[in-house]
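Chemist: Chains A and B are the protein sequences, given in the same order. Under the working numbering, the first residue of the first sequence is numbered 1, with each subsequent residue one higher. Under the working numbering, the first residue of the second sequence is numbered 1001, with each subsequent residue one higher.
Treat the hints with care, as some may be off.
[As the list claims (entries may be wrong)] No farther apart than 25 Å at their CA atoms in a straight line, the calculated lysine-lysine pairs in the BS3-like style are these:
no.	chain 1	residue 1	chain 2	residue 2
1	A	K53	A	K97
2	B	K1097	B	K1138
3	B	K1311	A	K333
4	B	K1333	A	K333
[To be verified] Coverage of chain B stretches by chain A, computed from C-beta distances (three or more under 8 Å per stretch; other residues unrestricted):
no.	segment
5	1002-1010
6	1130-1139
7	1196-1207
8	1212-1220
9	1329-1335
In short, the hints are calculated from the structure, not lab data. This structure is a prediction, so every number in the text was calculated from the model and none was measured. All C-beta atoms in this analysis are idealised placements derived from N, C-alpha and C, irrespective of residue type, glycine included.
2 protein chains.
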Amino acid sequence: MAIEQLREQIDQLDIQLVELLAQRQEVTTAVGQYKKEVGKPIYDPVREAELIKERRALAESLNVSPDLIEDLLRRMIRESYQTQHNAYRSVLPSQSKIVIVGGGGALGKRFVDMFERSTYRVEVIEKDDWSQAESIVKDAKLVIVAVPIKLTEQVIKLLPALPDDCVLADLTSLKDAPLKAMLAKHSGPVVGLHPMFGPDVPNFVKQVVVACDGRFPEQYEWLIEQITIWGAVIQKDDAKQHDSSMELIQAMRHFTTFVYGKFLANQDPDLEHLLRLSSPIYRLELAMTGRLFAQDANLYADIIFGAENSKTLADKFKYELDSAIELLEQSDKFGFKQQFEDVAAWFGKKSNEFLTESRAMLKTAQDSRDLK
Amino acid sequence: MAIEQLREQIDQLDIQLVELLAQRQEVTTAVGQYKKEVGKPIYDPVREAELIKERRALAESLNVSPDLIEDLLRRMIRESYQTQHNAYRSVLPSQSKIVIVGGGGALGKRFVDMFERSTYRVEVIEKDDWSQAESIVKDAKLVIVAVPIKLTEQVIKLLPALPDDCVLADLTSLKDAPLKAMLAKHSGPVVGLHPMFGPDVPNFVKQVVVACDGRFPEQYEWLIEQITIWGAVIQKDDAKQHDSSMELIQAMRHFTTFVYGKFLANQDPDLEHLLRLSSPIYRLELAMTGRLFAQDANLYADIIFGAENSKTLADKFKYELDSAIELLEQSDKFGFKQQFEDVAAWFGKKSNEFLTESRAMLKTAQDSRDLK
Chain A
1 MAIEQLREQI DQLDIQLVEL LAQRQEVTTA VGQYKKEVGK PIYDPVREAE
51 LIKERRALAE SLNVSPDLIE DLLRRMIRES YQTQHNAYRS VLPSQSKIVI
101 VGGGGALGKR FVDMFERSTY RVEVIEKDDW SQAESIVKDA KLVIVAVPIK
151 LTEQVIKLLP ALPDDCVLAD LTSLKDAPLK AMLAKHSGPV VGLHPMFGPD
201 VPNFVKQVVV ACDGRFPEQY EWLIEQITIW GAVIQKDDAK QHDSSMELIQ
251 AMRHFTTFVY GKFLANQDPD LEHLLRLSSP IYRLELAMTG RLFAQDANLY
301 ADIIFGAENS KTLADKFKYE LDSAIELLEQ SDKFGFKQQF EDVAAWFGKK
351 SNEFLTESRA MLKTAQDSRD LK
Chain B
1001 MAIEQLREQI DQLDIQLVEL LAQRQEVTTA VGQYKKEVGK PIYDPVREAE
1051 LIKERRALAE SLNVSPDLIE DLLRRMIRES YQTQHNAYRS VLPSQSKIVI
1101 VGGGGALGKR FVDMFERSTY RVEVIEKDDW SQAESIVKDA KLVIVAVPIK
1151 LTEQVIKLLP ALPDDCVLAD LTSLKDAPLK AMLAKHSGPV VGLHPMFGPD
1201 VPNFVKQVVV ACDGRFPEQY EWLIEQITIW GAVIQKDDAK QHDSSMELIQ
1251 AMRHFTTFVY GKFLANQDPD LEHLLRLSSP IYRLELAMTG RLFAQDANLY
1301 ADIIFGAENS KTLADKFKYE LDSAIELLEQ SDKFGFKQQF EDVAAWFGKK
1351 SNEFLTESRA MLKTAQDSRD LK
């Protein structure tokens, strides 16, 4: 058969594919509507896993790659999360009042939007609204402090007295100090929240929100349930433990990326040339460094300088660097391999999982790479 | 409509989807067969871009997200590369002889396989075959040295004399020294190749192969064409420039990841706890460190200790670390922000591209993340 005819067939099949997606979207929108009405969470891991298992079996029986159908379905499911949910069930009675201090900021805005979509009545306190703060919080069921980390404690102290049953929460990336400030301010229910995502996520599905208990968990349980209805996953943690984990997950990782970025910029290689030669993994390595510098310097300064032990940890990192440089000085390949194996042993089977995971991701990255 | 009925509808649509994929696969296999017969490269960037543009327009007209259809198509196209091509046209006459020294190694094997699928006659020289090397290379059109980097020059010197028109090539990750050794050994055509991918890639489509000219490019042009037919993208580069780029792309990146791994292991946090709290971007940060240690220590030792300027570059990195630690010591947030902006300026608009790129990738990573 001529190539033109084959391509014509592909065109026809792709038209059917798009039509099919349009139909599927209609049905999943109806499912979303149903979930909203009965108040079911948008993300249903059990149903998702079952569906994918069934489709994999179906694909195999038709000689289609199960991995292919799984990848396609996961992408379609992501889309349905986006089109499905413009509204959510509210756990508290409709029109219950939520106050978000700093609700004009990027992350604060996302929470305003999510509460409004859940039929809450949301009021925002920004820096010019302090004179009315007292009347604004009067009948609030929840006050969330969503201001930059360096202002959090100060703003908590400035809050007017809250109703006894009002929940006081914050969204700061450190949890111990803000939690203490909230407990000192308010004698009612208190919970510290740390959304582990930026304001630019398409929705809250599968996003992690860390929750550190302050006081009266049964009284803020409705808030936890509300966040779960939005599709997020709550990870309960101790505030101190959270903060020390964040020093590694955020502060030190950003700090060393900052150093690598400075190093690269001062070496001043031709970036286009590096990229032209880069395989996906090296492109990703470069991207992970470069992406930091597309973002707000203030945010990273706050995270790095705000972490209690940044200096101590940076010194420990330096110690490791010095010992690695010594290996280079002495051309001690054997020592390098020994230390490499020690670290490998520490990562244990996780390092293999990371390798598998990153490979799958790199394949996807490669899919959308256009090369000449 | 009851939820069961809606789910039944989704089931029916998904069955149609899988059937459609099976049909599409049949047609793309026929396209692959056609491409093989006429000798067209497997990867056709122009056709791919056109097809995606058309489908996006079609999706929009049916109220389906264009990004959704693009992502699905790219994944399906990746699959078709895999099912489509079990055989390739050979540029030289069928049964022309190729010799791969170290063809028993992981990367060497991949090249043996690709040449055999292209109807070449491939012979391998491994360490026990040196006594027959002379007779093996007698009528070879191409000899590729595919041994570990520390053996490359030594093995090149050991090669018997090659036919005048035989192409001599290597696959080492450094290019200057092996190229010099090859030019000294052989007076015929010489080219240094660096495949920027590991032996575990599913196929060569969109993979980068760096080619550094040695001598008589018109005489090895067929090899470049052959690699292009496999779907790879050739990037021509100067050997010295390549090597200095690799010091940054490979050696220093691996070196600093090694240091960060040591640092993490010695801090000894609960890795599961870190992962539980990690959003996709931090999970990826951890994965990019951990994945290194799932791999062969020897490979990384060779790359890091093999790079000429590793020590000098590591010292420069240390200088940047010291100056960043000074910022911490003096709580100099202002200085941090200034340096941050300088690096951002160096990355220029690339940092924004990196951010966009990594966001798209993280969304995909998130798709397949199963959370409880």
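Chemist: Straight-line Cα separation of K1333(B) and K333(A) no greater than 25 Å?
Modeler: 39 Å, violated
Chemist: Check, residue by residue, whether the segment 1212-1220 of chain B contains three or more positions whose beta-carbon lies closer than 8 Å to a beta-carbon of chain A, and give the verdict.
Modeler: Our answer is that it is violated, as 0 residues pass the Cβ test (under 8 Å) against chain A, missing three.
Chemist: How about the segment 1130-1139 of chain B: do at least three of its residues have a C-beta closer than 8 Å to a C-beta of chain A?
Modeler: As far as the segment 1130-1139 of chain B goes, the hint is violated, because 0 residues have Cβ atoms under 8 Å from chain A.
Chemist: Apply the coverage criterion to the segment 1002-1010 of chain B and chain A: a residue qualifies when its Cβ sits closer than 8 Å to a Cβ of the chain, and three qualifying residues are needed.
Modeler: Holds, because 5 residues of the segment 1002-1010 of chain B bring their Cβ atoms closer than 8 Å to Cβ atoms of chain A.
Chemist: Tell me whether the statement that chain A covers the segment 1196-1207 of chain B is true, taking a Cβ distance below 8 Å and needing three residues at minimum.
Modeler: Check passed, 6 qualifying residues.
Chemist: Is it true that the CA of K53(A) sits at most 25 Å from the CA of K97(A)?
Modeler: 42 Å, violated
Chemist: Quick check: do three or more residues in the segment 1329-1335 of chain B have a beta carbon closer than 8 Å to a beta carbon of chain A?
Modeler: Our answer is that it holds, as 3 residues pass the Cβ test (under 8 Å) against chain A, meeting three.
Chemist: Can the restraint linking K1097(B) and K1138(B) be considered satisfied, given a maximum Cα separation of 25 Å?
Modeler: Answer holds: K1097(B) to K1138(B) is near 9 Å, not above 25 Å.
Chemist: Would you check the hint for K1311(B) and K333(A), treating anything up to 25 Å between C-alpha atoms as holding?
Modeler: Holds, at about 13 Å.
Comparing the model with each numbered hint stated earlier shows that hints 1, 4, 6, 8 do not hold.
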